Structures are given as C-alpha cells and as structure tokens.
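From first to last, the protein sequence lines stand for chains Z and W.
Using the working numbering, the first residue of the first sequence is number 1, and each one after it goes up by one.
Using the working numbering, the first residue of the second sequence is number 1001, and each one after it goes up by one.
For the record, the hints were derived by calculation from the structure and aren't laboratory data.
Quantities reported herein were computed from a predicted structural model and do not represent experimental measurements.
C-beta: ideal position from N, C-alpha, C; glycine also.
It is possible that part of the hints are untrue.
[Said to hold, decoys possible] The calculated lysine-lysine pairs, modelled on DSS-like cross-linking and capped at a C-alpha distance of 25 Å, are:
no. : chain 1 : residue 1 : chain 2 : residue 2
1   : W       : LYS1103   : Z       : LYS113
2   : W       : LYS1100   : Z       : LYS162
3   : W       : LYS1103   : Z       : LYS161
4   : Z       : LYS561    : Z       : LYS548
5   : Z       : LYS362    : Z       : LYS161
6   : Z       : LYS113    : W       : LYS1100
7   : W       : LYS1440   : W       : LYS1453
8   : Z       : LYS113    : W       : LYS1066
9   : Z       : LYS24     : W       : LYS1377
[Said to hold, decoys possible] If you want the ones that stay clear, here's a sample from chain W, every Cβ over 10 Å from chain Z, calculated:
no. : residue
10  : PHE1008
11  : VAL1449
12  : ALA1471
13  : ALA1489
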Amino acid sequence: MLNLALVCLFAPLFGFVVQYFLGKRLPRQGDLFTVATLGASLVCAILLTIKALGGETMDPWSIEWFRPGGEGAPAWTLGVMVDGLTAVMLVVVTVVSFLVHVFSIGYMHGDAKYANYFAWLQMFTFAMLTVVLASDLMLLFIGWELVGLSSYKLIGFWCEKKAPANAGRKAFITTRIGDVGLVLALMVIAAVVGSFDFGKIAAAVQDGTFSGPWLTIAGLGVLAGAAGKSAQFGFHVWLPDAMEGPTPVSALIHAATMVAAGVYLVGRTMWMLTPEVLYVVAALGALTGIMAGFIAVAQNDIKKVLAYSTVSQLGYMFLGLGVGAWHAALFHLATHAFFKALMFLGSGSVIHACHHEQDMRKMGGLWKKLPVTGTTFLAGVLAISGLPFFSGFYSKDAILSGAYHRFPFLFWIGLAAAVLTAFYMMRLFVMTFLGKPRDQHIYDHAHEGGFSMQMPLVVLGILAVIAGYGAWHEILLAPDTGLVVAGHHTVGDIHHFEHDTATVAPLAIAAGIGGLVIGWFVFSILSAARLAALKRPLKGLEWACSNKFFFDEFYREALLKPTYAFAAFCGWMDKTGVDGVVNAIGRGGLRLAGYSGVNDDVVVDGAVKGVGATALAGGGVFSRLQSGRVRFYLSVSVGIVAVILVLLLKKSL
Amino acid sequence: MLLTLTVFFPLLGALLCLVAPARFARVVNVATSAVVLLLTIAIWTQAGDLSTYSANLEVGPVAWIKGFGINFHLAVDGIGLSLLLLTAFVSLTAAIASWKIEKSPRGYHAMFLLLLTGMLGVFVSMDLFLFYVFWEIMLLPMYFLIGVWGGPNRQYAAIKFFLYTLFGSVLLLAAIILVVLKTGTWSIPEITAQASALVASGSAATILGASGLGLAAFIGMFIGFAIKIPCFPFHTWLPDAHVEAPTPISMILAGVLLKMGGYGLIRIAYPFFPTAAASIWWIIALLAVISIVYGALVAMSQSDFKRLIAYSSVSHMGFVTLGLAAATTQAVNGAMFMMLAHGTISAMLFMIVGVIYDRAHHRDIDRFGGLAWTMPKYAVLASFAFFASLGLPGLSGFIAEITVFVGSFASQIDGFRWYALFALLGLVITAGYYLITLQKVFLGATPEVYEDKKLFPDVTGRELAVLLPLAAVTLVMGVAPSLAMDIYAGVVDGFQSTMQTAIEVAGVIR
C-alpha cells in the first residue's frame, strides 16, 4: 500500500516539475501528459480505496526530517498513512482533478499560458494529496501552504488583469490569517506533546497530558485555519472573488482541493476538539450556511451563485462536524464534491457557449442548445437540493439528523438553509436554461463544447446521482475506524446518528421540494410585474444580500485601511522619529566636536579621490585614511576606550 | 594552517587586484572568491566533530602582542563553519554580480576582497583582540564600498553606516576590555568556559562579579551586536546603507554582515554573560518582536523596492534575536537557521532589485507594472525569492520561521510565549507586503515604457549565475534542512545547556 500511496502522491509532483519546465515543448503543450500523471494518481487512489473497502489500511509510515530539538529530542517526521477517510478523499481529489484536467483541454484551448496552467493544476493536486495523505500535522501544514500557493497562482491565473490578481492575493492573505491559528496550534502541540504525529497527539489527548485550556486553544487554532481555507463566516470573502480564476479551477477549488481542505482538517483532528470548540464549529457552520444562502439568492453572476452555494454547503459540513455527525459531514464533503464540480464545469460549459458571458440575466432557454449541460446540471440541482434518490439527500439528511439530536436550534437554521439552497438553485436553473432567450445573439451562437468538455459532465452527472448509494461510506467513514478511535472516548463527541425517518427525513425532503417548487413558481410562472411586486416588501433584504452584507466594505474600512494607515505611520515614525533621533545625535556630536562646518562632500570626495589615486598607485589606501573625518571618528573611539581603561586601572590599583 | 590560508587568501587576491590591469580585477575577484569557497568546503571535510572546536584545524594560540597577552588564535566549530560557508558562498555570488562595476574596478575589487578577509576572520577568531581587529577591518572597506561606489546619497549613507557601527564597536570594545581585565585572558573559549563554570556552580554573578557591572557590559555588547543585526531601534542605518550601496555590496551586507551581529550574540555576548542575558530576557524579546512586526509594517509602507527589502531584513533578523532569547534548543537552532536562510534569500532579493534597477534606473514600486510579460524568467525568480522570504514550505525561510516559532513558544522562561504569539502577526503582514509588491511590479498591464524587450531584456546568463545558485541552496535547505542544521546543532546543544542553567539561576524559569 505504501508504494501505491507514494505513487499517488508524487505522480502530480513529477508532472508539475516536468510540465513547468518543459511543458511548452511537450506534444500538445503537455496537456495529455498531465492527464496521464493524474490518471496514474487516480488509479492508485482507486486501488487504495478498494483495499480500504476490504478493511485494509496503512499505518503511518514516516521518515525523519530533521532534528530542531537537538540530538536527544525526537526528530520532526514527515509521514503518510491511508485509512478510510484518506481513501475517500483520495478518490474525491483525484476523480475531480482528473475530470477538471480533461475539461480544461477544451476550456483553456488557445490560452497563451496553456502549458503553465496545467503545471499549476498538477501542483494544486499534489498539495491537496499531501494534505490528505499526511499522518502528521507538519506535513499536513506543508501541503496546506502549498495549496495556498497553488490557489494564488490559479485564481490569479489571468493576472495581467487587475481583478484576478487582486483575487489571488485576497485568497492567499485571507487564508493566511487563518493559518496563523494553525501555526499557533502547531506551537502549542509541539510545546505540550513534542510531536506532530497524529497518533502521538491522540495518545497525549487520551492519557490526559494534553488537556485543559491548551487543548482548547490548539483546537481553536486548528479551527481558524480550517475556517480560513473552507471560507467560513468572516473568512468567506475570498471565495466569491476567486471566481476570477478559470472556471475549471473554480470547480477544483470548490469541490476537491482548497475548501475541502478545511473540512477535512477538522474531520481529521476531530478527536482533539473539545466540546467548546465543537460548539463553535457547529454555530459557525450554521451561521455560514444561512448567511451564504441569503447572499446566493441575490446574485446574478452564475458563478457567484455557485460560489455562495459552496460557502453555504461548507457551512453545512461544519455544522455536521460540530454536532458530532462526523460521518455525515465527510460523506457530504464527498457527495458535494461531485455535484458541485459538476455544476461548476456545467457553468463553465455555459460560459464557454455564451462567449464568456457570466450574467444570468442575459441567458435563458439554453436547455435546447445545451442538452448535455442542461441535463447533467439538473442532476446537480436536484442533488444539492436533497431530493430523495440523489446523492445529496443521504448526506444532507444525515447532517440534519445529527443537528436535530444535538442542537435543535441549529437544526432549524440548517433546515431554513436547505430551503434557500433549493430555491436559489432553481432560480439559477430557470434563469439559465428555461424560459425564453433574453439575449438572442448569445443564444444563437451557443453550442456544446467538444468531447473533452462533455465527458466530465456526464461522469460527474452520474456520480451526482449514485454517489450516495451503497455502503461505501458506512465502511470507509465509520467513526470507529482509524485514528478517530483515539478520540472516541476522550474529548470529541462522535456519534453515528441513524437516519431519523420519523421527523428529520420528511422535513428535509419537504424543505428541498418546497424550495424547488417555490423557486420554479416565482421565477418561471410569475410574470415580471408580479415578481417585482412580490419583491417590494423585501427590498431592504435584497439590497443587503446583493451587497453581500457589506463584509468587503467592512473589512476594507475596519481592517485594511487602518493597517495601511498604521504601516504608513510606522514608516513616517521610522524616518522622523527613530532615525530623527539618530541624526540629531549625530549632528549634535559633530557640533560638540566643532566639526559642524565641514562639508561631507569635501571629506568623502577626498576619500573617493584617494581611492582612485591609490588604485593607480597601489597599496596606498590606508595612508589616505589618515585624513579627513575618518581619523576623527577613529580617534574618538580610541579616546573613549583609553578613558575607560584609565578609569578601570585606577579602580583596580 | 587551512584556516589561516582561508582567511588571508583574499588579501592576496586584493593585492593582485591592485596591480593587475583594471579589466582583470573582476576575474581575480571571482577566482579568489571561488577558491575561498573551495577552501571552506575543504575545512568542512577536514573538521571532523563539529560540536566543538576542531583540534586538527586549530591555529595557535601563538603569542602576538606579548605585553598584553594577546594571541593569534583561529579555530572553527559548527557555528563558525556554517557561517564561513555562507560567507564564501554569498561572496562568490556577489563577486559575479560585481562583474559590471566600471568605476575604478581595481579599487572596488580590492576592497571587496579585503572585506571578505574581515568577514571570514570574524567567524574563526578565538582571541577577542583578533576578533575585534577583524570586526573593524571589515568596517573600512564597507565604508568605502558604499561611500565611493554607492548611489546619489552615498556620502550620507556611508558616514551614517560608519558612525553607527563604530558607536557599536566602541561599546563592544569597552565591554571586551572589562572582561579581559577581569578574567586576564583574551581567549573566547576560555572566558566562555569560566562563565559556564560560574553558572554551573549556581551563582547568579557574572564573570565581572556580583555587581551590576556584568549587566552593563552585557548591555554594551548587546547594543554593539544589535546594531549589526540590526535590531529595533538600532536599525535605521540599514535602509540608508542598502539604498545607496551597489547591488553586490547590498548582497554582502544583508547576506553576511548582518549575521555577524547574530554571531556575536551567540558566540560572545550570551556565553560570556548568560545570567545577565537571562535576567533581561524580556527587553531582548520585546525588541525582537518589535523588529519583526514593526519592520514588516514599515516595509509595507515603502515605495522604494530596495528600502522595502531592507526593512524585510529587519523583520526577518528579528527571528534571530527572538530565537536566541528564547534559549530552547529548537529556537536557537531556528535562529541559526534563519541566519543561513536569510543570508541566501536576502542576497537573492537584493540581486532581484539590482536586476531591475540596472534596466529601469529607478526603484519606485508604484511606477512598475506587468514586468512578468516583458521579463518572464525574472518574474519567476523574483516570485521564488518572495515566497521563500514569506515562509513558503519547501524553501528555507519556512524552516527558520517555524522552528523559531515552535521553539520560542516552548521557552522555559516564564512569560516568553506571549512574545512568540505576538510575533505571529509578522506572518500576515509579510505575506501582505510581498504579494502587494509582486502585484505592483510584475502583474497587471505593462506600462509602455517597460514593453521594449531591448531595454528590458530578461535575466542574462551572468544574472542567472548569481540567482540560480542562491535559489538552489534556498530550495535544498528547505527540503533537507538537516544538511545545514547538522553542521551547527552540536554547538547549539552546549550553548543551550548553559543558557538553561542560567535561566534557572536567574530565577526567570517558569
């Protein structure tokens, strides 16, 4: 298994290195080569998963990296392992990434940086595989930061334009603020446990050496890191902006890599999260879910709707983790990855067909023109709405069951978010695919992409329907396998909630269907005038939602501007204050010594001439030093030392 | 013998530069620097056990100035060796970067090599007087290299550099004289042994007795070395010196000279006065944290590319001070690692600035834009250096930062961890100013001025010869940190155990 895991991990790294340096010279600029390396990863991931389904797992295998603590102390290790959770993530990451690679062949065709694009896709995948394969927090953090780098590069891929470049920077810095928490967790864990190995940390948690406030602080640190990458409430601002990247990259970020990393991290370290931390996780998740749902309703850019939908679904997953429905949250992570990747690639297909038009107000009626995209997209809409027999139903229902048993209040918020989800998804579908074309020109030119763009849609469409079937998740994500055991009896409450057929399931189904029907009614049946009349009393809400509750504005005024202002103040202070004192002392010293009349130019230029002359004369540099101010400085220093010497000698005599 | 040869070999080169035809001076410089690098590698292979002074390489002690008991005494251990390697390596890249110096090249290259002798000598001198001589020898060529070959405001910068460091030197010399008068020896290992023995006996007194004199001497030394590092509030000479210095000299200044401050602390100030250092740990930690955060903030406010990099040096070298003050093995190893990592990364960064200054003749970040399309390779190398400096895993800066963070949080000193926490702010601010700069200079639309590929050619072979080796070392140190850390870790163990006892003795343990 180790060899499979290592091939799975390093194939994309190999792909990155080759593609980055040689990509342009490879046949077809290396696109098929990167598809092949990722295919190798995919095959390994599937083989590993088959083994994991058979109950076989791989214990952590690690190498000694270096010994910052000296000879006696334990070395920092880097290790990989495969358990059920890793296997699920491996499949999700490699499948989505593989399909994104294939889709990109068509979507990115003709781009000036075509080869470079595939190189970074490889790096992104490698970074994410590092995160999920790591058996210690250090290696996970390394992958984590490389995920940040790759997202910076890919979100800002079209960085000759200002908006993508800004978006890439915003993603990197926002997530880095969260990363500070993760570094803090690393610091606490190193100080208390002395190792980053998951097994050792878990053991320390279990035997009580790692407990109390430090455990909570470390947990909050982990949560901050996860919230940053997974765009939870407050940190979510980078994700919609990240839409500036190429659409296949959005699919990758939203389904398999970046945002999944945060949920995965919380899931992976669940056993060290204290009840207080888990409560924060749940509350944060519920808040994120409902907030993003409201914003999504008011967006007109097809990708922005999907972006806020992701934020909302990530909130769901956090809610699931926070209530202890570990299995359900990670199950939802997997199913969501498939149907969200599907919808993003679908939106990519739509945008491609509409000549890079993203405004849904200019679309409509595209079903006829894009039957494959439309059909598969509908599967995604039904899946995310939680309709029975679609994959999203099973995972969403499980999360809601958990919330219902643990924090009923949060359950109702989650249910409201479910209605919103179905509502805005139907809105998106109606505006894009149904009704009459709003822009005839765009409509006339719309056409399906080639095989490389349709194949991924079909595969993901099938997955969106069937990913919830079978018992794979019961086996791979059973809470009593793998590392989770270590925490099962300690801090993290992990429950395996049975699907509650009596109350939760009917409510969840009703929420999904209700949202879809209302959405269909409002946006498809109602006339424009009736719709406007209906909206009137909600004007304030719509205004706030379409402006995303003013988070960006708030951060700009309350964080960015003050930081820049403070930086400018520090710069000014350094020049006039700190350096001003230095200069004043310097001037004062010179004046005291009676040298104030001497012009710098005379002295140093004298020295310049001196060096010039001595370079010709050779060897005479030092005689020149005897002149000018330098001699004065030297004599002052010697004088001071002489005085000290005399004083000391006197004392000792 | 090998040590003597290594230290004084550049002097031969310097003399050769003065007599050789002007156009050959640069060849002499590069060749001499290359030989010095080979010699330091030879030292590495010969040294054997690096955790202590290598006996088979030790030179002296030979009586030098008999009346005062001053000896000629060179020796090398892991810390000295790692810095020798850094010095030789950075100097070679800087020598290659000096290829295009046109103003009196003989004088320049001779000064350059004289500087190299001074720097090498500092890291291997075991006699305080000899140490001080090399310390001062270095000052003069630096003064001229800035004052003669520098930018428009070079006189001011050179004088300021000279005065400021001389002020530090005087404090240092005064403290040295106090120590020598009391202990009766100039030998660094002997004084260190005396001080360790004193601490081990459980005495809170210093080698200068129980009075406050020891503390005063430590503060004097600390200021002397803090100016070199440079640590807030003694840092303001650095931006001026960097801005005016020619590119290769900036590389040396950031890459090697600043390390002499850190070296002085770890070799002299702390080992001589461990209890004094422990007793005022919070002042040192505070200055270190201010350097990290404030340095980053000031960097953010700069519009001059070179000033920005200079302030980032202030910020990053703050980790050295912080790590030493924390006095755990991890933190001190991290501090040493930061010296080596910052040495190569900052040399690379200053070369990056030099490349664009050569072409654009200005360094105003706000006036650049879109250079990634005119100079793609250059943009890649610059991003590499930026990300290395902001601590991307896989590159050396990350190892340095994470070990210092982790190590200083685990400090045995009561209350130290809050300083470590505060330093975390630097992570975000650093990412901020580097990414903003990256965007302003390299991304976005290209202003018309920078579109001409003739005026803005991509990095040349010579520039690549400077940048690629620095990048390679940055990568290797980031992937396999033990290659560098194993050189000096044994010495750090000894340093740490003394400091550990001193923390207990000084009563600041948690």
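Outcome of the hint check:
1. W:LYS1103 <-> Z:LYS113: violated, 42 Å
2. W:LYS1100 <-> Z:LYS162: violated, 36 Å
3. W:LYS1103 <-> Z:LYS161: violated, 42 Å
4. Z:LYS561 <-> Z:LYS548: holds, 20 Å
5. Z:LYS362 <-> Z:LYS161: holds, 24 Å
6. Z:LYS113 <-> W:LYS1100: violated, 34 Å
7. W:LYS1440 <-> W:LYS1453: holds, 19 Å
8. Z:LYS113 <-> W:LYS1066: Given that 25 Å is the threshold and the Cα spacing comes to 71 Å, the pair is violated.
9. Z:LYS24 <-> W:LYS1377: holds, 14 Å
10. PHE1008: The claim holds: PHE1008 (chain W) sits with its nearest Cβ about 16 Å from chain Z, beyond 10 Å.
11. VAL1449: holds, 17 Å
12. ALA1471: Its Cβ never comes within 10 Å of chain Z, the nearest being 13 Å, so this holds.
13. ALA1489: violated, 6 Å
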